[in-house]
Amino acid sequence: MQALGKNNFSGFIEAVPAYNSLAIFYDVVTIKIIYAPAITAFEWVRSFMEQLISEMKTTTGNSGPVINIPVYYNGADLIAVATQRHLSVTELIRIHTAIPYRVFMIGFLPGFAYMGKVDERIAVPRHAVPRINVQPGSVGIAGFQTGIYPLQSPGGWQLVGQTPIKIFDINKNDPCLLKAGDRVQFISISKETFDQLNEY
Amino acid sequence: MSIKIIKPGVLATLQDAGRWGGRSMGIGCSGAMDIFAMKSANYLCANDDRQPIIEINVPGPQILFRQDAVISLTGADLAATINEKAIPFWRTIIVKKDSVLQFKQAVSGARACLAVQGGWAAQEWLNSYSTHLKLGAGGYRGRALQKDDIINFTANKILITENKVLPWYISQHELDKIYQPRNIIRCIKGPEYDWLDENSKHTFEENDHTIQNQSDRMGYRLKGKSLSIKHPMELISSAVDSGTVQVLPTGNGIVLMADHQTTGGYPRIASVIKADLPKMAQLNPGQKIFFKIVGIKEAEDTLISMQEQLAAIRSACRFQLKKYLQY
Chain A
-7 MQALGKNNFS GFIEAVPAYN SLAIFYDVVT IKIIYAPAIT AFEWVRSFME QLISEMKTTT
53 GNSGPVINIP VYYNGADLIA VATQRHLSVT ELIRIHTAIP YRVFMIGFLP GFAYMGKVDE
113 RIAVPRHAVP RINVQPGSVG IAGFQTGIYP LQSPGGWQLV GQTPIKIFDI NKNDPCLLKA
173 GDRVQFISIS KETFDQLNEY
Chain B
328 MSIKIIKPGV LATLQDAGRW GGRSMGIGCS GAMDIFAMKS ANYLCANDDR QPIIEINVPG
388 PQILFRQDAV ISLTGADLAA TINEKAIPFW RTIIVKKDSV LQFKQAVSGA RACLAVQGGW
448 AAQEWLNSYS THLKLGAGGY RGRALQKDDI INFTANKILI TENKVLPWYI SQHELDKIYQ
508 PRNIIRCIKG PEYDWLDENS KHTFEENDHT IQNQSDRMGY RLKGKSLSIK HPMELISSAV
568 DSGTVQVLPT GNGIVLMADH QTTGGYPRIA SVIKADLPKM AQLNPGQKIF FKIVGIKEAE
628 DTLISMQEQL AAIRSACRFQ LKKYLQY
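Those protein sequence lines, which keep their order, are chains A and B. Take -7 as the starting number for the first sequence in our numbering and just add one per residue. Take 328 as the starting number for the second sequence in our numbering and just add one per residue.
There could be a bad hint or two in this list.
Unchecked claim - Taking lysine-lysine pairs in the DSS-like style, the calculated list, with each CA pair at most 25 Å apart, reads:
#1 B/Lys601 <-> A/Lys24
#2 A/Lys24 <-> B/Lys504
#3 B/Lys334 <-> B/Lys423
#4 B/Lys601 <-> B/Lys504
#5 B/Lys624 <-> B/Lys528
#6 A/Lys164 <-> B/Lys461
#7 A/Lys24 <-> B/Lys516
#8 B/Lys461 <-> A/Lys171
#9 A/Lys183 <-> A/Lys158
#10 B/Lys423 <-> B/Lys650
#11 B/Lys557 <-> B/Lys619
#12 B/Lys461 <-> A/Lys158
#13 B/Lys474 <-> B/Lys334
#14 B/Lys431 <-> B/Lys334
#15 B/Lys424 <-> B/Lys649
#16 B/Lys649 <-> A/Lys24
The set of hints was computed from the structure by calculation and includes no laboratory data.
The following block holds chain A by itself, in its conformation from the complex:
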């Protein structure tokens, strides 16, 4: 994704990184005219990407900036998750805030960051029946993933807390706080701090 940012081509529209894939969106007509009158635009983009990938140096996943996100741990599933994993609530919070999480991808909703991996001790499956309404800012766990709901939406993740920070804001030039590759450090805050910081 970073290599592509520096070396993209005419007709390149956008790239969507996910856990183990990168999707490239391109304009067929432009590529046919400029680069590929004899082959398909798909074949041209594929060989361009293969060349780019072969020249890439492998980097470890710990290079992104660390973004601190305060969380008031009061989620509707907090006690149930702790009970299920035979932990105290304090231990659960300590484990969830112990390490920064990598943003693997943004998807499902605008600004929804899939992050991980969470410690095995707090990994819990999502609800079999999703909640109809999850409040924006809710912080949840699903399997080894953790994430923050940017908007009010239906959702099946186990809710452990609430961030006062808007992680998606249509009124900002850059509406999405997090990007794939960033690292997120959750910080436990009190109800009072939450109320002071609340942007919703």
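Take the given structure of chain A and dock chain B to it, following the hints.
Chain B in isolation, oriented as in the chain A frame:
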């Protein structure tokens, strides 16, 4: 210059060619469901193809023109009338002040595009006028049109003093290239096509799929003979697009449309080719379709033909409109 919505109809929204560049933030493309109709509607009004149109569903809105306007209607034939007099689709129409446009019923197709010369005034968000309903951004206040909404447009300089349908049109022959045969939808194989077992690969192409009632701008749900995945596994979420055909755990398919999410976790067995998305957009619940798998070359060639066809419509409209409009 403006129009006023007398009755809102169902989910009339402002849409353009879509919002590009937001997918890595989880922001989908939106935009007109039928891009061919959207662009043609603009060309018939001497616009470029960046102007937003009003996408109209059934039942359609009732619209009062508060000033003279040059408009066009394309896409589905929704039995449009101006002051109770039937008007044709795929034509340039001069509408005089105080006229009322309404839509009686769906004759064929699912959604129409209403363009005006100079374009409707709309809110731009991330380089697009398209309405993002979930975020409440872009278009007209980020939402569907409601009763008493007023939508502005720039003054149209018209050299005609009565309601009039201008005397040329996009021919049925041209439209058939895009919209016929109506129930054959071409697609390319998707990344997880080979997850289908051999029977299901045959079923996918040989059996019909019926469009279900729970179909909307996000996607068309299909029902047909069940499709099964060889070794049921959960796909790790990855990018999807308009036209992506996914298999749900029920064995039925879903075709993602303009307001789709940017990523998904169901197997992507196929992708409807871009040139057949306008056709797809005009299908209604209850209609049956057959999928036909084609190669990438055919998918690209048909898209290029559609673009060439649009370019020809654009220059023909410009040439004709010079006689009637000052722009």
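These are the hints, each one checked on the structure:
| no. | hint | verdict |
| --- | --- | --- |
| 1 | B/Lys601 <-> A/Lys24 | holds, 16 Å |
| 2 | A/Lys24 <-> B/Lys504 | holds, 22 Å |
| 3 | B/Lys334 <-> B/Lys423 | holds, 19 Å |
| 4 | B/Lys601 <-> B/Lys504 | holds, 14 Å |
| 5 | B/Lys624 <-> B/Lys528 | holds, 21 Å |
| 6 | A/Lys164 <-> B/Lys461 | holds, 17 Å |
| 7 | A/Lys24 <-> B/Lys516 | holds, 21 Å |
| 8 | B/Lys461 <-> A/Lys171 | holds, 20 Å |
| 9 | A/Lys183 <-> A/Lys158 | holds, 17 Å |
| 10 | B/Lys423 <-> B/Lys650 | holds, 18 Å |
| 11 | B/Lys557 <-> B/Lys619 | holds, 21 Å |
| 12 | B/Lys461 <-> A/Lys158 | holds, 16 Å |
| 13 | B/Lys474 <-> B/Lys334 | holds, 5 Å |
| 14 | B/Lys431 <-> B/Lys334 | holds, 13 Å |
| 15 | B/Lys424 <-> B/Lys649 | holds, 22 Å |
| 16 | B/Lys649 <-> A/Lys24 | violated, 33 Å |
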